[in-house]
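Residue-level listing of the chains:
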Amino acid sequence: MPINYYIFLSVCLFSIGIVGVLTRRNAIIIFMCIELMLNAVNLLLVAFSRMHHAAAYALDNSTLVGSEAQIFVFFIMVVAAAEVTVGLAIIVMLYRNIHSVDINFLNRLKH
Amino acid sequence: MSITEILFWVLSTAAIVAALLVIFSKNPVHSVLWLIVVFFAISGHYVLLNAQFLAIVNMIVYAGAIMVLFLFVIMLMNMNADQEPTKSKWMKIAGVISGGSLTLLLIAALKYNTATTGGEEAGIGLIQQLGKTLFNEYVVPFEISSVLFLSAMVGAVVLGKKEKNIVNSDIANQ
Amino acid sequence: MNGMIKYGYLIPLLPLIGFLINGLGRNFLSKKISSTIGSGVLILSFVCSLLVFNQVTKPGFNTQVLFLFDFIKTAGLDIPFALQFDQLSALFLLIITGIGSLIHIYSAAYMHEETEQHYARYFAYLNLFVFFMLILVLGSSYVTMFIGWEGVGLSSYLLIGYWFSNNNYNNAAKKAFVMNRIGDLGFLLAIFWMLSQFGVITYTGVFAEASTMPLSAITGITLLLFIGAMGKSAQIPLYTWLPDAMAGPTPVSALIHAATMVTAGIYMIARSNIMFSLAPVSQNLVAIIGIATALLAATIALKQNDIKKVLAYSTVSQLGLMFLALGVGSYTAGVFHVMTHAFFKALLFLGAGSVIHAMHHEQDIYKMGGLRKKLPITHITFLIGCLAIAGIPPFAGFFSKDEILTAALEKNVVYYLLGLLTSLMTAFYMFRMYFLTFHGNFRGTEEQYHHVHESPAAMTMPLMVLALLSIVGGWVGIPTVFAEDAHRLSSFLAPVFTGVHHEAKAEHLSHSLELSLMAGVVVLIIVSIFAAKSMFAKEGLTAEKSSSFGKLLENKWYVDELYDKIIVQPINHIASFFSRIIDNKIIDATVNGVGKLVQFSSRQMRLLQSGQVGSYVLIMVVSIIIFFIFQMFWKI
Numbered sequence: 001m002p003i004n005y006y007i008f009l010s011v012c013l014f015s016i017g018i019v020g021v022l023t024r025r026n027a028i029i030i031f032m033c034i035e036l037m038l039n040a041v042n043l044l045l046v047a048f049s050r051m052h053h054a055a056a057y058a059l060d061n062s063t064l065v066g067s068e069a070q071i072f073v074f075f076i077m078v079v080a081a082a083e084v085t086v087g088l089a090i091i092v093m094l095y096r097n098i099h100s101v102d103i104n105f106l107n108r109l110k111h
Numbered sequence: 112m113s114i115t116e117i118l119f120w121v122l123s124t125a126a127i128v129a130a131l132l133v134i135f136s137k138n139p140v141h142s143v144l145w146l147i148v149v150f151f152a153i154s155g156h157y158v159l160l161n162a163q164f165l166a167i168v169n170m171i172v173y174a175g176a177i178m179v180l181f182l183f184v185i186m187l188m189n190m191n192a193d194q195e196p197t198k199s200k201w202m203k204i205a206g207v208i209s210g211g212s213l214t215l216l217l218i219a220a221l222k223y224n225t226a227t228t229g230g231e232e233a234g235i236g237l238i239q240q241l242g243k244t245l246f247n248e249y250v251v252p253f254e255i256s257s258v259l260f261l262s263a264m265v266g267a268v269v270l271g272k273k274e275k276n277i278v279n280s281d282i283a284n285q
Numbered sequence: 286m287n288g289m290i291k292y293g294y295l296i297p298l299l300p301l302i303g304f305l306i307n308g309l310g311r312n313f314l315s316k317k318i319s320s321t322i323g324s325g326v327l328i329l330s331f332v333c334s335l336l337v338f339n340q341v342t343k344p345g346f347n348t349q350v351l352f353l354f355d356f357i358k359t360a361g362l363d364i365p366f367a368l369q370f371d372q373l374s375a376l377f378l379l380i381i382t383g384i385g386s387l388i389h390i391y392s393a394a395y396m397h398e399e400t401e402q403h404y405a406r407y408f409a410y411l412n413l414f415v416f417f418m419l420i421l422v423l424g425s426s427y428v429t430m431f432i433g434w435e436g437v438g439l440s441s442y443l444l445i446g447y448w449f450s451n452n453n454y455n456n457a458a459k460k461a462f463v464m465n466r467i468g469d470l471g472f473l474l475a476i477f478w479m480l481s482q483f484g485v486i487t488y489t490g491v492f493a494e495a496s497t498m499p500l501s502a503i504t505g506i507t508l509l510l511f512i513g514a515m516g517k518s519a520q521i522p523l524y525t526w527l528p529d530a531m532a533g534p535t536p537v538s539a540l541i542h543a544a545t546m547v548t549a550g551i552y553m554i555a556r557s558n559i560m561f562s563l564a565p566v567s568q569n570l571v572a573i574i575g576i577a578t579a580l581l582a583a584t585i586a587l588k589q590n591d592i593k594k595v596l597a598y599s600t601v602s603q604l605g606l607m608f609l610a611l612g613v614g615s616y617t618a619g620v621f622h623v624m625t626h627a628f629f630k631a632l633l634f635l636g637a638g639s640v641i642h643a644m645h646h647e648q649d650i651y652k653m654g655g656l657r658k659k660l661p662i663t664h665i666t667f668l669i670g671c672l673a674i675a676g677i678p679p680f681a682g683f684f685s686k687d688e689i690l691t692a693a694l695e696k697n698v699v700y701y702l703l704g705l706l707t708s709l710m711t712a713f714y715m716f717r718m719y720f721l722t723f724h725g726n727f728r729g730t731e732e733q734y735h736h737v738h739e740s741p742a743a744m745t746m747p748l749m750v751l752a753l754l755s756i757v758g759g760w761v762g763i764p765t766v767f768a769e770d771a772h773r774l775s776s777f778l779a780p781v782f783t784g785v786h787h788e789a790k791a792e793h794l795s796h797s798l799e800l801s802l803m804a805g806v807v808v809l810i811i812v813s814i815f816a817a818k819s820m821f822a823k824e825g826l827t828a829e830k831s832s833s834f835g836k837l838l839e840n841k842w843y844v845d846e847l848y849d850k851i852i853v854q855p856i857n858h859i860a861s862f863f864s865r866i867i868d869n870k871i872i873d874a875t876v877n878g879v880g881k882l883v884q885f886s887s888r889q890m891r892l893l894q895s896g897q898v899g900s901y902v903l904i905m906v907v908s909i910i911i912f913f914i915f916q917m918f919w920k921i
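Protein chains in written order, with our numbering: chain A, 1 to 111; chain B, 112 to 285; chain C, 286 to 921.
Please note that the accuracy of each hint is not assured.
[What the hints assert, rightly or not] Not close to chain C: a few residues of chain A, all C-beta gaps over 10 Å, as computed:
#1 PHE8
#2 PHE48
#3 ASN61
#4 PHE75
[Said to hold, decoys possible] Some but not every residue of chain B turned toward chain C, in silico, with C-beta under 10 Å:
#5 MET178
#6 LEU180
#7 LEU182
#8 ALA205
#9 SER209
#10 SER212
#11 ALA220
No wet-lab data here; the hints were simulated from the structure. Glycine included, C-beta positions come from ideal geometry on N, C-alpha and C.
Work the whole structure out from these sequences, hints included.
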């Protein structure tokens, strides 16, 4: 599979995530779009890992090149899980306070 | 066209369509469900790339735990399509245009690659191999990430609890 | 390094300690303690100076330099902070600490009306002055001298403006400070020139190489040094600050503006005698300026009615005579006159202070008269001072003034005649003041006359000591006419004034001519004294009506007004122009404009911050796109 295909796929998913962040006002949907973007990046990392590994393997069949990228993806998932926990807790608290998850109400930064 | 390629195209189409549906669904619950589809498609890609461990973890953590959490929160809030006021048209158009141009730009910038992902490999995506790397070279970050989880957990509890106190004091005041 | 000189740093250190104690403790110290500390450190310092002097007078003594610390040390520039002990500095040490001690004791009584706080402040300033003056004469390089030079300028400023609640006094202090700055600039430039020319700045280093340097450089350096001396020693054209400096307390006038600080210029030129001897142009200029100042100041003093102003102009005139001596190459005579002048001028100022004290701060001599019965000690000592300054043998002034006149005659007969004229005028105006003050009838009010009283012992004791010195002080320099090798000061100072021996001295006058000239001068002086007596010792004298020339003298040749017109006012005009136009309209407008621009633009920019997260993200994405476009198509 040419690496370009994976790049394009990841770019598409990432951009869809961005469009979602830009066009939606529901905080939970925006949050989900962020998860989508994270996954697009993960996919690309794994694809690059495979690409580099294959190139290195042709020269040395005991190489472990590329496993770092997969560890990286693993850690991204860890961070994403923690982030979702805190983020959702914030959103729940927000909903309790203002009974809405509309980010247009969240313009307190202005003041 | 080999079976790998067929699977690639099928999974890619599924991922993009599902992703689009995530952002265009009116109902948040539908969005969550379509996002789960995206994650499954991505897990499929991981399998195609010989990253079996990540495929499983992705399914368990994202599609399983995280998305269920989302679903749970949405249902807790009892949200539905009518609740969300739509953004202004101008903002929507601007968002779509900028997103689209970003896609075009990135594709235009990155299209001159010739490398492929095919070929022989030593099974680095297998759980045994990754486990060795993780616990030999990355054991400190691994332990630190456990601290991160702990603090995230405490943070979530604190955020939830504080609110309760305020509500209680509000009630007490009334 | 041996003997007392090893501890020579104590001499300036003691007054510094006194300054710190009195300055820091002025709120807690009683008058008794602060005057004891102030005078005590000076007396200790005087004792140290005596020991040093004793060592310096021993036969076979060579100049000793006491290194204290490095002042500036960089590549190619090494300025040590060191004290130099030789015949010249030892002599000045004795003058400064000796007269300083007497004046400190005198001040303790004179200033008794001040409150504790100001009393301690006075002594702190006075000690600070002595400290800097000692640094000035003890320094082993021009830079160290300059430190002292600036320091005495500062303490002089502080003491002139001691009664700071009077605005006139503040103006006098400012005038003294600014005028001194003009001279100091010359001195500073001379230091820079010397540094670039010689690479060293210590006396030994500079003088060793002076003879190898081009004449133009030496002339330039000496002229700049002389400008410095002009400022400090009140010579034309920078003399006008000294009469105004009489605003300070009278003991301050005695110490700073008569005995010590104003002679710093003489000291500097005497110290640099090797360079001045190499530059005849500068020497002639020194002589001309000196004699011109002496004459001008003497004419002004003829018509002044303020007792301190007369003494101030007399000081300027005597300083002019000293510069004449330096200019004609007789450095010994100049330093000799510094010494004797320090005695009798300090005596006269302190005597005037005693009179002013008795008269409750009345300084106009036309309001005095007949005080000799009321103030017997002051009267006698004042008379001795007047005789000494007039140059009647065997008082101190006679010997030093005669030596200057002889040296002037050897150089140029015009100098001699002008110097003689100055001496005659000196005798006249001093005795005019004396007769107006102590003879005739009292011209003040009845009540004032009642309150006139002799000063306390703390004030009369220094007067008596100084009177004794004014009598015997000249005997260290008896000219060869009377006794062979009796001029002990000359042989004492000979090692310092090596510059004189470079040029063959002009032929000496024959002894008979010298004696007859001396006698003639004395007779003329006595005549002018009697002229003053016949004019001013009368009963029932009132303030004179002046002729037009008298008016000119009374108004000091209108020099102050001239300076005001040609220097002060144009500068004021320029300054107000700058303050009104440049500062207000341009600089302030620019600064305010920048502030307003920032305020305005931030008010506009604030609108961008909508607080909407969505718009922030949109801007972010657009920026990323622009960034990518640049990256790809412009290849930055």
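Violating hint indices (sorted, rising) | 5, 6 and 7
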